[in-house]
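*Asks:* Sequence:
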Amino acid sequence: MGTSTANVVEILALLILLQSVSSFCNGDNFNGSCIKTEREALVKFKSSLHNNSNSLPSWVGDDCCRWHGVTCDDITGHVVKLVLSRASIMGNISLHLGNLSNLQYLDLSWNQDLSLNRSLAIHSLHFPSSLKYLNLSYVLLDKCDNWLQSINMLPSLLELELRNCELSIIGDVSHVNFTSLEVLDLGLNNFHSTIPSWLYNITKLQNLDLYSSAFRGSLSTDISNLNSLASLNAGFNSLEGNIPNTLNRLCNLIELYLGYNKFSGEISGTFGNSSGCIKNSLENLYLLNNSFSGSIPDNLGQFKRLKDLSLSKNSFWGSIPVSIGQLYNLERLGLSKNSLHGKVSELHLLNLRSLIELSMDGNSLVFDIDPEWIPPFQLYWIGLSSCDVGPSFPQWLKTQKSIRFLEMSNASISDNIPDWFENISSNIVGLDLSYNQLFGTLPTFRKLNTTYANEYRIILLKSNQFDGFSTCSQFDATILDISNNLLHGQIPQNISDMMPSLRLVSLSNNYLNGTVPATLCRIESLQILDLSNNHLSGRIPSCWGNLPSLTVIDFSSNMLSGDVPMSLGSQESLVSLHLQNNTLQGKIPMSLRNLESLETLDLSMNSFDGFIPSWIGESLSSLKVLSIHSNKFEGEIPLQLCYLASLRILNLANNVMTGTIPNCFGNFTAIAMHEQKGHWDYYTNALPYVGFVRASYGENVQVYVKGMELEYSRTLRFLYSIDLSGNNFVGEIPQELMNLSGLQNLNLSTNKLDGHIPWNIGKLSSLESLDLSENELSGSIPSSISDLNFLSHLNLSFNHLSGRIPKGNQLQTLDDKSIYIGNDGLCGPPLNNCSDDADELPKGHEKGGTTRKDDSEMVWFYGGMGMGFAAGFVGVCSILYFNDSWRCAWFGLVDRVCNKLWVTIAIKANQVKRKFLRNKLEGNA
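Positions -23 to -1, 1 to 902 (mature numbering (1 follows the signal peptide of the UniProt record, and there is no 0)) are the ones given, in order, by the sequence shown.
Worth double-checking, as some hints may not be accurate.
Claimed, not checked - Below, computed lysine-lysine pairings styled on DSBU-like, alpha-carbon distance capped at 30 Å:
hint, residue 1, residue 2
1, Lys564, Lys784
2, Lys609, Lys564
3, Lys58, Lys23
4, Lys784, Lys794
5, Lys239, Lys256
6, Lys424, Lys378
7, Lys21, Lys120
8, Lys320, Lys424
9, Lys23, Lys13
10, Lys609, Lys729
11, Lys375, Lys284
12, Lys239, Lys290
13, Lys284, Lys378
14, Lys729, Lys794
15, Lys284, Lys320
16, Lys320, Lys375
17, Lys729, Lys683
18, Lys284, Lys239
19, Lys109, Lys120
20, Lys239, Lys109
21, Lys181, Lys239
22, Lys181, Lys58
23, Lys740, Lys784
24, Lys58, Lys13
25, Lys683, Lys784
26, Lys58, Lys120
27, Lys181, Lys23
28, Lys239, Lys281
29, Lys256, Lys284
Hint data in this document are derived by calculation from the structure and do not stem from the laboratory. Since the structure is predicted, the reported quantities are computational estimates derived from the model, not experimental observations.
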């Protein structure tokens, strides 16, 4: 009994001693709450945040161990874990976190408004040496140039994640202390350097992520030092050279991602060496989008653990090795967009029982598969575009019940789509069979079996020979392109019931007749509507009021008649409107002035009449293309068109317009600056499926250039053109037009222009086509015309030009006499030789260049009037400038108003000028 009592006493004494030692070591008494000094460090961390009163609302009271994101040790009470992932905190990382002396796990990731304090950046990052896990991904560390030296003071660190921290300096250390590191993520930074040598000394590293961090140079042979490495991601960098053969010594490597770099050479040294142990571990190999060449190694068949093999978008050539057919674990095989050729048979696919994705598109492969063959797999994705799959529709697809994406465009198929296709159609969300010779009626689709929310169906059947439209009700499509086929009959009047979720529909280049269904106006999701080049007739429906997303309307090249409905002006999102080549008539409705986003307006080849509305220049400020040629427009060009600073193509040809060419046409900024910004293809606003072809509407305009009518689509973005031909314009060619240095096509033919060709026409340095024929131009041809180095088409015929034809440069290649026919005073090659009295005069003093008396009076008259306007304008500006309140407003408005103000002055001046010319023509000058 006495012994037992003594034992109890000893145990109690020992417990008291342990508690005392613990209290001594901790510096505080642990009473179920957190350590006081550590709580204070956390409070100071919170106080450094912006809006700290609203941040971390649970951080109140004395027990910090109960605060959100804080974990304490159950025995000592020390804070060992701080996790504030996606906590929406903002401000600076406080130095006081260094006082959490026992912290092992720190995660502040995904707080994009959290950054490194500037003073902290000057000294160093200060984290407890006990840290094992540190994640600052998506925290702004751009001021931290010495981050590596700070990390090097953490010998226990096992995992470091600094993804997307805007780091720009990779740094270097003479000796690596954090050799225990197993996970390192430096992805999505901006290092712009080679991969540092110290990295290859972290031999315990298992996961290394250098994704998209602007690394350059080669991958070192020292990569073999990382013999514990299981995952290496160095994709989306600028790494180049060969893959080092030493890579095949990484016996634990499971995933290798080197896609989207500049690697080159063959891969047989790394993946064709049967002695390399990498073949026993590798499951995912991504080498896509590099410059690898040579043949695909036959030894890849020994990589039995491979699940993903992506060699797409390289320069591999030769045939596909049959050994790939032995990869029974393979799930995804990507060989698209290489230079592979030869046959693909059942032997290549025989044992791929796990395969769900097969991508071989963009090669010259010939599929030679027995129609009766039954594959061992069920494919999810099939990409065989540009391969020779035909001429029959592949029968082995009949067994594939899980297909969601099927791409077989340009696959040499000349057949109808078999009836059994309907049985596999319910899962298909993406189908592209374009550019084949498929015929018969359109296929029947079962209702889409949706797996994901907001999933939609893409059906691309363009450029085939389909002739039936009767099964459209089964399409259930969101994006439907059946353009360039042989479809006949009418567009179903209940199309809105058949496809209520339609976003893009293109039925262009067919033989459809009847009217445009008014039910199209009920499809609120509609964004792109292209019914061009058919035989549609009747009036354009007047129901366009409830389509908030409509971007493109193309009704061109049909037989539509009547007026343009006012309701078209309610489509405020409209960017492109094509009504050309119909039999429309009347005035341009004023409601179209509401289309402030409009970039292309093409009303050409109709019977519109009246004056060109001035509001086109005032309201449609985004216009890039204005084409209204071949109508019945009359009157003068409204000077407000000069407001269109973004205009690149202007075509007013073949109308009955009068007056002069406005001097302010030199204000077309986009042409003068050769502006390249912007795009010319319009997509639906829903993102397409990753890897699947994008469905879009390609902007297109017909332009008469170089003596012929050409359609510009893909090259439209490079065209700058002005065509005013076939009208009754008078007066001289404005000198201001010579400021349009980006202009490529200028056609002023078949008018009544007089005076001289501007002496500085050589300033149009980009000009490729110039047509001034059938006018009343006089004087000599300016010698500067020989400076037009890109000129390939020239027509100066049927004017009153005289003197010697200039020589030199590109002009020498234009030796067709018809260029100059109808100008009796011209001489020199390619016409007859000149006599001595017709020698060319010095530049700027061409023969016939004297100024007539009445012209001189006009110059002085307009000069005086211009000076008057200028003086008044300067006076007003001075008053505004020296008035404080007006001065602030003035400088805020000058960019938007200045151009319009000068054009307004020009409008007033031209009204007087036009009155003078009109009186002169009537003999009353």
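*Asks:* Against this structure, judge whether each hint is valid.
*Replies:* Hint-by-hint comparison with the structure:
1. Lys564 with Lys784: Distance ~48 Å between lysine 564 and lysine 784 Cα, so the pair is violated.
2. Lys609 with Lys564: Distance of about 10 Å is within 30 Å: holds.
3. Lys58 with Lys23: holds, 16 Å
4. Lys784 with Lys794: This hinted pair holds, its Cα atoms lying about 14 Å apart.
5. Lys239 with Lys256: This hinted pair holds, its Cα atoms lying about 24 Å apart.
6. Lys424 with Lys378: Measuring from Cα to Cα gives roughly 14 Å; hence the hint holds.
7. Lys21 with Lys120: holds, 21 Å
8. Lys320 with Lys424: violated, 36 Å
9. Lys23 with Lys13: Status holds; Cα separation ~15 Å.
10. Lys609 with Lys729: Given pair lysine 609, lysine 729 holds - Cα atoms ~18 Å apart, limit 30 Å.
11. Lys375 with Lys284: With Cα atoms ~25 Å apart, lysine 375 and lysine 284 stay inside 30 Å; holds.
12. Lys239 with Lys290: It holds: about 12 Å lies between the C-alpha atoms, which stays within 30 Å.
13. Lys284 with Lys378: holds, 21 Å
14. Lys729 with Lys794: Since the Cα atoms of lysine 729 and lysine 794 sit roughly 23 Å apart, the hinted pair holds (cutoff 30 Å).
15. Lys284 with Lys320: Roughly 23 Å separates the two Cα atoms, so the pair holds.
16. Lys320 with Lys375: holds, 21 Å
17. Lys729 with Lys683: Distance ~21 Å between lysine 729 and lysine 683 Cα, so the pair holds.
18. Lys284 with Lys239: Satisfied, since the Cα-Cα distance of roughly 24 Å is no more than 30 Å.
19. Lys109 with Lys120: holds, 24 Å
20. Lys239 with Lys109: violated, 35 Å
21. Lys181 with Lys239: holds, 28 Å
22. Lys181 with Lys58: holds, 24 Å
23. Lys740 with Lys784: holds, 17 Å
24. Lys58 with Lys13: holds, 16 Å
25. Lys683 with Lys784: holds, 21 Å
26. Lys58 with Lys120: holds, 26 Å
27. Lys181 with Lys23: violated, 36 Å
28. Lys239 with Lys281: Holds, because 28 Å separates the two Cα atoms, which is no more than 30 Å.
29. Lys256 with Lys284: holds, 12 Å
Of the numbered hints given earlier, the model fails hints 1, 8, 20 and 27; all others are met.
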